Amino acid sequence: MRKWLVQPEFVVDRDPKRCIQCQVCVRQCSNDVHEHNAEEGTITTDSSRCVGCHRCATLCPAGAISIRQAELEFRPNANWSAYAIRNIYKQAEGGGVLLTSMGNDRPYASFWDRMVLNASQVTNPSIDPLREPMELTTFLGGKPDRIEFDRNGGKPRMTTVLGPQLKLELPVMFSAMSFGSISLNASLALARAAREAGTYANTGEGGMHRDIVPYASNMVVQVASGRFGVTAEYLRRAAAIEIKIGQGAKPGIGGHLPAEKVDAAVSETRMIPEGTDAISPAPHHDIYSIEDLKQLIYALKEVTGYEKPVAVKIAAVHNVAAIGSGCVHAGADIVVIDGFRGGTGAAPTQIRDHVGIPIELALAAVDSRLRQEGIRNRASLVVAGGFRSSADVVKAIALGADAVYIATAALISMGCHLCQKCYTGKCNWGIATQDPILTKRLNPEVATRRLTNLLRGWSHEIKEMLGGMGINAVESLRGNRDHLRGVGMTDGELRALGIKQAGEGA
Amino acid sequence: MKRIYAREEHCIACRLCEITCLVRRSKSKNIVKAFRNEKDRITPGIRVEESGRLSFALQCRHCSDAPCIEACIGGAMHRDPATMAVVCNEERCLGCWSCVMVCPAGAVTPGKDGKVASKCDLCAGDSTPVCVENCPNGALVYEERKG
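Chains as they are written, first to last, in this note's numbering: chain P, 1 to 506; chain L, 507 to 653.
So that you can see chain L by itself, here it is in the shape it has in the complex (with noise of 0.2 Å):
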C-alpha cells in the first residue's frame, strides 16, 4: 500500500504539514476560521518531531501487523478494506488510550477534546494526503514501498 515517508534531509520544519492537516480536519476548511474557531478541537494527524537540526513529520505507519489494532477495546480502531489504511471509528472510541501506549511510532495522540483517539487516515478519499501535497520542500512523499 501506498504510505507517507518523511525524509527528514529535506524537513525544513515549517510545521506546514501540521497546519494544512488541521485545516483539512476542520469543518469550515477554511484556515482562518480553522483556527479562530476549532483549533482547540483539533488534533492534526501529523506532528513535526524536532531535536536541534535534525526534523522530520511524524505520522502512523499503518502496520501491517498493527499494535493499535490488536490492543483497541472498543474495536474502534480497525483496518479500513478499501484503502488498507488503519482509522479509527470515532463512535466506537472510549478514550483508554490502548492504542496510543501500543503504537511503537508515537504516532496515534489521545484528541485534543479528550475523548477519541487522533491519527492519521491518509486523508481518505484524496489522491494524495494534503501534508505531502503542501511542503514546500518535498519532505514528504506518499508512494509504495517494499518491506
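Chain P with its partners taken away, still in its complex shape (with noise of 0.2 Å):
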C-alpha cells in the first residue's frame, strides 16, 4: 500500500537556466532524488526521497539545485506541531520505533549560548599568543593527593609515582565512532588526523579494524556491553581504554547495528558472524554496581599491567554527580559524560530527544561534586556532547572539564550535513556506511586533511581566547569559573552551574 500520508520534506528546485544536465546529480544521489530520461534528455526530480543532505547542490558545477523545506503548512497548532504529526503518520505506517541519528535535535535552550567569557583589560595584562609560548598540553589521568621530592644530592627529584597519562597536545579528543557505524575511511581519517595532531580518536564498541592498528598509540580502544572485538591484544596496543556505559543519544538503552552493515570487515573486526545483528545489551550484565565496575576496571588494569588510563564513559543523567563520584572511587582515570545533545549512529527518536540532562549542567554538577569530595585530582573529566566550536571547548574547561570530545564536529569537518539518516547505512557522504561504492566518496587523505585543519583552527583559537585572559597555560582555566558569566539565566540556572550573573564583578 502507498505510504501517502507522510508528505515529502524537501523540494528540490532545479534551475532550468542553469542545468547543462550533466548528471552529477543523478549520478551522486544514493536515494534516487534525480532521474535522467535518455529519451527526453531531460532530468526529472522525485523530491519525496530527498533527505536533505546536498550532497546534489554540493557538487553541481552549474550551482543549478536549491533544497528548501517542503512548505506544506498544517493548521497551526501550538500542541500538534507538524513534527508531532509528522511522526505520527509515520508510526501508524510502520507501527516500529521511530528512527533517528546524531544528536538532540530540539530546541531545548543550550547553556553554552548564555555564558559568556572574560577578557583581561587595563588591571591586568592579555597575552599574545603569537608572540609569548601558550601552553595547550593536556594530560588526561589520576593525579596524586601530593607531590613528594627527593631532596638529597643535587637537583630534587620526585619520589611520587605517577598513574599511567595521556598527553593531549590540546584539550580536544574524537569520541567514539564505532568501524561499522562509520565507514573505514571514515575511522582512518580520525586515526591519522589525532595522531598529526597529537591527540586521540576512540574505536567505538566495534573493535579495531587491522587498518587501525597502525595508529593504536592514538587510539582510545572502547569495552562495551557487546565486547566486540576485545582480546587482550586490542587492549594492550591502545593508548587507553574506555569502558562504555552509557551514552548521550541514549542513556540507558543498548546499541543495534543491523546485520545489513555486518560485512565480512566489520564481522571480523566484531568477531561475530557475518550478516548477524550486532546487539549490544543496554547494561552491562558483569555490572550492576560501583563495586562490579570496579572489578572490569581493575580486570583491564591488570592485563594491561597498570601502564593504560582507564576511562569510564556515563551517559548525563538526573544522577550523575553521584555517578561520577562512584566511578573515581571505583579507579577510574579518567570520566567521561556524554551530554544528551552527543550524536549516535541509530537511536529511537523519543529516546535521543527526551532522555538525559545537557553536559553543561552535568559537568558542573560532577566537578562540584568530585571537589565537595576532595577527590577531583584523582581523575580527570572529559565532556562530549555537542560542542560545535572552540568557545564551547573553553567554556567546558573554564566549567571544570580536563578535556571535550568532539564526534558530530569531526563528522561536520568531514562533509556530514547532519541529515539524521546515518541509520539507513545509505550516507551520500560516505561517511556512515559500508556501502563500497558510497564509502569510496571519502578520502581518507582529503578526510584527515580537513580534520587536523579544523584542530588546528580550534586550537589557535583556544590560544586567543587564554591570551584575552591572561592566562598563558590551559591548566589555569580548568575549573576556573570565574571566567565565566551567565546571561539571561534563571537563578536556579546560574546555582546549577556554579557561576554568577554577568555584570557581577568578581
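Incorrect hints may have been included.
Here are the simulated lysine to any residue pairs, SDA-like style, with alpha carbons at most 25 Å apart [stated by the list, open to error]: (1) Lys539/L - Cys19/P; (2) Lys90/P - Leu59/P; (3) Lys17/P - Lys545/L; (4) Lys261/P - Ser557/L; (5) Lys17/P - Ser557/L; (6) Lys90/P - Lys17/P; (7) Lys301/P - Lys90/P; (8) Lys535/L - Pro610/L; (9) Lys539/L - Leu59/P; (10) Lys539/L - Ile67/P; (11) Lys539/L - Lys301/P; (12) Lys301/P - Arg449/P; (13) Lys618/L - His36/P; (14) Lys621/L - Ala591/L; (15) Lys618/L - Thr42/P; (16) Lys261/P - Arg559/L; (17) Lys652/L - Lys621/L; (18) Lys545/L - Arg531/L; (19) Lys545/L - Arg237/P; (20) Lys535/L - Ala57/P; (21) Lys17/P - Ala591/L; (22) Lys539/L - Thr42/P; (23) Lys545/L - Gly63/P; (24) Lys545/L - Arg68/P; (25) Lys545/L - Pro61/P; (26) Lys17/P - Arg542/L; (27) Lys618/L - Ile43/P; (28) Lys17/P - Lys621/L; (29) Lys539/L - Gly63/P.
None of these hints come from the bench; they were simulated from the model.
Being a predicted model, the structure only gives us computed values, none of them experimental.
Reassemble the complex: the two chains are provided individually, in unrelated frames, and hints are given to aid placement.
Take a look at the structure:
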C-alpha cells in the first residue's frame, strides 16, 4: 500500500536556466531523487526521496540545484506541531519504534550560548599567543594527592609515582564512533588526524580494524556491553581503555548494528558471524554496582599491567554527580560524561530527544561533587555531546572539564550535513555507510586534512581566548568558573552551573 | 615531467573532470553557455571509464616515446618543448586518426567536429590542470613520478 500520509520534507528545485544536464546529481544521489530520461534528454526530480543531505547541490557544477523545506503548512496548533503530526503518520505506517541519528535536535536551551567568557583590561595584561608561549598540552589520568621530592644530593627528584597519563597536544579528542557505524575510510581519517594533531581517536565498541592498528598508540579502545572485538591484544596496543556504560544520545539503552551492515570486514573486526545483528545489551551484564564496575576496571588494568589509563564513559543523567563520584571511587582514571546532545549512528527518536540532561549542567555537577569530596585530582573529566566550536571547549574547561570529546563536529568537517539518516546506511557523503560505492566518496587523505585543519583552527582560537584572559596555560583555566558569566539565566540555572550573573564583578 | 595520475580507489565517477575540461576548452568559459551553445563542438581531453564499482579518469599519458607523434602523417602531433606535453597542432591535423589507432591508452579521440584529433594538453599555461583542481575527492593528482 502506498505510504500516502507522509509528505516530502524537502523540495528539490532545479533551475532550468542553469541546469546543463551533466547528470552529476543523478550519479551522486543514493536515494534516487534525480533521474535522467535519455529519450527526452531531461532530468526529473522526485523530492519525496530527498533527505536534505545537499550532496547533489554541493557537487552541481552549475549551481542549478537548491533544496528547501517543503512548505506544506498544517493549521497552526501550539500543541500539535507539524513535527508531532508527521511522526505519528510515520509510526502509523510502520508500527515500529521511530529511528533517527546524530544528536538531539529539539529546541532545548543551550547553556553554552548563555555563558560568556572574560577578558583582561587595564589591570591585568592580556597575552598575544603569536608572540608568547601558550600551553595547551593536557595530561589525562589520575593525579596524586600530593607530590613528594627527594632533596638529597643535587637536583630534587620526584619520588611520587604517577599513574598512567594520556598526553594531548590540545584539550580535544575524537569521541567514540565504531567501525560499522562509520566507514573504514572515516575511521582511518580520524585515527590519522589524531596522530597528526597529537591527540586521540576512539574505536567505539566495534573493535579495531587491522588498518587502524598502526595508529593504535593514538587510539582509545572501548569495552562496551557487547564486548565486540575485545581481546588482550586489543587492550594492550591501545593508548587508553574506555568502559562504555552509557551514551548521551541514548542513555539507558543498548546498541543495535543491523545485520545488513555486518559485512566481512565488520564481522572480522567485531568477531561475530557475518550478516548477523550486532546487539549491545542495555547494561553490562556483569555490572550492577560500583563494586562490579571496580572489578572490570581492575581486570582491564591487570591485563594492561597498570600502564594504560582506564576511562569510564557515562551518559549525563539526573544523578550524574553521584555516579561520576562512584566511577572515581571505583578506580577510573578518566570519567567521560556524554550529554544529551551527543550523536549516534541510530537511536529511537523519543529516547534521543527526551532522555538525559545537558552536558553543561552535568559537568558542573560532577566537577563540584568531586571537589566537595576532595577527589577531583584522582580522575580527569572529559565531556562530550554537541561541542560546536572552540568557544564551547573553552567554556567547558572553565566549567571544570580537562578535555572535550568531539564527534559531530569532526564528521561535519569531513562533509556530514546532519541529515540524520545514518541509520539507513545510505550516507551520500561516504561516512556512515558500508556500501563500497559510497565509502569511496570519502578519500581518507582529504578527510584527514580537513580534520587536522579543524583542530589547528580550534587550537589557535583557544590560544587567543586564553591570551585574552591573561592566561598562558590551559591548566590555569580548568575549573576557573570566575571566567564565566551567565546571560539570561534563572537563579536556579546559575546556581546549578556555579557561575555568576553577567554584570556581577569578582 | 609532471603528469596527471588517476587514483581509481578515490574516483567516484562524478565526471566533474570531464565537465570542467569542457568548460575550459569553451570560448565562453562559462559553464552554462558552454553547455548550451558549444557542447557539440568540444571534446573533453579526459574521460571517466567505468565498470561496476571501478572507475577512473583517463587522459593522455604524454608518453616519452609517444607512438602518436611517430604515427602522425601531417606533423600535427608534437611535443611542446616548453612543457614536454604531447600536443596536437590543430592547423596541421588532417583527421586521419592514425594517432587514435596507435594510442596505447585510448586517450586520443576524434574530435566532435569530426576534423581534428582531441587530447589532453595538460591545460597548457596553467599551473594545475582544471580536472585535478576540481576533483572533489582527490582522485587526480598532478605530480612528477619516476619511471
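Consistency of the hints with the structure:
1. Distance restraint check for Lys539/L and Cys19/P: the Cα-Cα separation of roughly 11 Å lies within the 25 Å cut-off, and the hinted pair is therefore satisfied.
2. At most 25 Å may separate the alpha-carbon atoms for a hinted pair to count; Lys90/P and Leu59/P exceed this at roughly 31 Å.
3. The straight-line distance between the Cα atoms of Lys17/P and Lys545/L is roughly 16 Å, inside the 25 Å bound, and the hint therefore holds.
4. For the hint linking Lys261/P to Ser557/L, the alpha-carbon distance of about 24 Å falls within 25 Å, and the restraint holds.
5. This hinted pair does not check out: Lys17/P and Ser557/L have alpha carbons roughly 32 Å apart, beyond 25 Å.
6. Proximity of Lys90/P to Lys17/P is assessed by CA-CA distance (about 36 Å); at most 25 Å being required, the pair is judged violated.
7. At roughly 47 Å between alpha-carbon atoms, Lys301/P and Lys90/P are farther apart than 25 Å, so this suggested pair is violated.
8. As the CA atoms of Lys535/L and Pro610/L are separated by approximately 31 Å, the hinted pair breaks the 25 Å bound.
9. About 19 Å separates the Cα atoms of Lys539/L and Leu59/P, which keeps this hinted pair within 25 Å; it holds.
10. About 24 Å separates the Cα atoms of Lys539/L and Ile67/P, which keeps this hinted pair within 25 Å; it holds.
11. Restraint check for Lys539/L and Lys301/P: the C-alpha separation of about 67 Å exceeds 25 Å, so the hint is violated.
12. Our distance criterion of 25 Å between C-alpha atoms is broken by Lys301/P and Arg449/P, whose separation comes to about 35 Å.
13. Distance check on the hinted pair: Lys618/L and His36/P sit about 23 Å apart at the alpha-carbon level, within 25 Å; holds.
14. Restraint check for Lys621/L and Ala591/L: the C-alpha separation of about 22 Å stays at or below 25 Å, so the hint holds.
15. Distance check on the hinted pair: Lys618/L and Thr42/P sit about 22 Å apart at the alpha-carbon level, within 25 Å; holds.
16. A hinted pair counts as satisfied when its Cα atoms are at most 25 Å apart, and Lys261/P with Arg559/L qualifies at roughly 18 Å.
17. With a C-alpha separation of about 36 Å, the suggested pairing of Lys652/L with Lys621/L is violated against the 25 Å cut-off.
18. A hinted pair counts as satisfied when its Cα atoms are at most 25 Å apart, and Lys545/L with Arg531/L qualifies at roughly 10 Å.
19. A threshold of 25 Å between alpha carbons decides the hint, and for Lys545/L with Arg237/P the separation of about 57 Å lies outside it, so the pair is violated.
20. A hinted pair counts as satisfied when its Cα atoms are at most 25 Å apart, and Lys535/L with Ala57/P qualifies at roughly 21 Å.
21. Between the alpha carbons of Lys17/P and Ala591/L the distance comes to roughly 37 Å, so the proposed pair goes past 25 Å and is violated.
22. A hinted pair counts as satisfied when its Cα atoms are at most 25 Å apart, and Lys539/L with Thr42/P qualifies at roughly 18 Å.
23. A threshold of 25 Å between alpha carbons decides the hint, and for Lys545/L with Gly63/P the separation of about 18 Å falls inside it, so the pair holds.
24. For the hint linking Lys545/L to Arg68/P, the alpha-carbon distance of about 31 Å lies beyond 25 Å, and the restraint is violated.
25. At roughly 15 Å between alpha-carbon atoms, Lys545/L and Pro61/P fall within 25 Å of each other, so this suggested pair holds.
26. A distance of roughly 10 Å separates the Cα atoms of Lys17/P and Arg542/L; the hinted pair therefore holds under the 25 Å criterion.
27. For the proposed pair Lys618/L and Ile43/P, the alpha carbon gap of about 24 Å is at most 25 Å, so the pair holds.
28. A threshold of 25 Å between alpha carbons decides the hint, and for Lys17/P with Lys621/L the separation of about 31 Å lies outside it, so the pair is violated.
29. Taking the CA atoms of Lys539/L and Gly63/P, the gap is about 13 Å. The hint holds against a cut of 25 Å.
The structure is inconsistent with the numbered hints 2, 5, 6, 7, 8, 11, 12, 17, 19, 21, 24, 28, although it conforms to all the rest.
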